[in-house]
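Q: For this one, chain A is given, so just place chain B on it according to the hints.
Chains as they are written, first to last, in our numbering: chain A, 135 to 474; chain B, 135 to 474.
Source of the hints: derived by calculation from the structure; they are not laboratory data. Just so it is clear, the structure is predicted and the values come from calculations on it, not from any experiment. There are no misleading hints in this set.
Cβ pair distances, simulated, as ranges:
no. : chain 1 : residue 1 : chain 2 : residue 2 : range
1   : B       : N290      : A       : V438      : 58 to 66 angstroms
2   : B       : S312      : A       : D365      : 36 to 44 angstroms
3   : B       : D184      : A       : Q137      : 41 to 49 angstroms
4   : B       : N318      : A       : F284      : 49 to 57 angstroms
5   : A       : V438      : B       : L286      : 51 to 59 angstroms
6   : B       : E458      : A       : N290      : 18 to 26 angstroms
Note that beta-carbon positions come from the ideal geometry of N, C-alpha and C, so glycine has one too.
Protein chains: 2
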Amino acid sequence: MDQILGAQSIQFEHPPYFAGDASIVGEKEGQGPYRKCFDKVEKDPYFGTDSWEEAESQLQLQTAALALHKANISSGEIRYIFAGDLLGQNIATSFGLVDLNRPLFGLFGACSTIGESLSLGAMTIAGGFAKKVLCLTSSHFGSAEKQFRFPLEYGNQRPLSATWTVTGSGAFILSGESPSPWDNVCITAITTGRITDYGVSDSMNMGAAMAPAACDTIFQHLQDFSRMPEDYDRIITGDLGSIGRDILLKLLMDKGYDISKQHMDCGIEIFDPDTQDTHAGGSGCGCSAAMLSAHILKQVRAGVWKRVLLVPTGALLSTVSFNEGQTVPGIAHGVVIEHV
Amino acid sequence: MDQILGAQSIQFEHPPYFAGDASIVGEKEGQGPYRKCFDKVEKDPYFGTDSWEEAESQLQLQTAALALHKANISSGEIRYIFAGDLLGQNIATSFGLVDLNRPLFGLFGACSTIGESLSLGAMTIAGGFAKKVLCLTSSHFGSAEKQFRFPLEYGNQRPLSATWTVTGSGAFILSGESPSPWDNVCITAITTGRITDYGVSDSMNMGAAMAPAACDTIFQHLQDFSRMPEDYDRIITGDLGSIGRDILLKLLMDKGYDISKQHMDCGIEIFDPDTQDTHAGGSGCGCSAAMLSAHILKQVRAGVWKRVLLVPTGALLSTVSFNEGQTVPGIAHGVVIEHV
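Just chain A, same shape as in the assembly:
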């Protein structure tokens, strides 16, 4: 039996396997420290289309197709897709995935969406409702700036607390069966996040808005499993950036947990702070998704890391709520990835 643990967690008795994955990123991401890890670096920011939104749809579709191709799985074998993006009414997903012609659960968790997607996908497999599902998310610098900030042509100055939306997508096939005897990387547990609102109202400092949500989920996870940070090789947040990281470490220290040795943040990792000026780091649904495929799964697969807690983090804001003076609540969904 799968176990319902503590307040917010599930431990899977038969953990779903990663049966395939892929990452595609834009040119800037392809010049960063992980340039050799992504499956494809696309130099055309429009991905051959006429708009940023269509570009993101293409990015998501190409990444899904590549994951299927790498895993030698036809789209017809996918029972459900769990997908989402940052844009209003999920249009990158809707227009990107129509041609896959598979049953779709559209999700919105801001930049935490890949955590939400993998959690629901893992429950679906573990519950016996599907043999294979596809989990994916995307973000695009151009479409996100247009949606949330200013037109690129305006040349707006960005404050130092701002993050840079990653042009990237990560796609993952989860399966109830091991893809091969020597490749048993699984989702062994999940901890689903609650909305956390500390009253941050600066949309240019999303790390500060999301750090309390990451703290809440990581704290609850450690409590639910009666574990310590040392029980993990890495505790990896999505896109807190450098300012959010400092807040997270302090908040968790106040609650009795020092995760400074285990903590890593995809937003801090994906760009080189010395040669790529992104201020506080990278962000977006595609940031943690692309890093999961390009780097994290490879480290677990190779046995470098035995157990990882991935906690993609989302800032739940829109231009409408922001312009009406609302705060920026956060949410974070934890996924435990292990080589079994």
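A: Coordinates of chain B only, in the frame set by chain A:
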């Protein structure tokens, strides 16, 4: 064992029960044919707040609280919330449900969202991952007009094919245990929809955009279960309206199924065409959700209907995609509701 059936369906061996539900609507809905069926009619369109978005958040929160109250369940007993709305980045949900302080899966399926929410909630209960979950959605005429059309003050003329976004919310508690021996209304099966794009590009004719999606899901459902329309007392779509209904009946007739005797559409039902001029009918995430609580569940509970196929329908458009000349794809998620 739960059964994976055909291309897109699941039949639950232990069907999750409806353990509580509530509906709250606005004044116009409260003047319609179902005026006496809703739990509450709120005459203040702002729900005591300063903006349409906050009003919708309040509507969603109040409906959730009322469902919990009616079922005599504390929010702490809810393991997961599955919720969404029509607004960009799901802000009605994010700001509405933060105070419930429960793990949240944010969803986007446009007006099909209550079908998506109930499907995922039912899988979560049936899979043994929770004892109780809360499924809810909302829409608000003011916030939707502002998001998708024109400011209300502009007094835009609406074409006859347009629907009227329902100010309403429906909230449902699903449970693995029967709430009482004489009240066993369950979700016995689901059929999850695919994105369907027939190339409709008129955002003022969403019934036409959604009808092919409803057809696809209903057809697939009947195929997956080897059933005929006569096996249902009602086949109820979400918000096709009068124009969408005609298209759906014709499309299904072309595929060999005549559902004209069983078909009912929440969007057609919720307003009185003679005394309430809404043109093609009602629409919005809250339309089918409120009608499910106010009318459909009551009919099943009373034994008037033994088996109902509810198919909330969503039009996957945003102002951005519409302004870029994109089509309006649709999606529809089927849920079978029975008295067992």
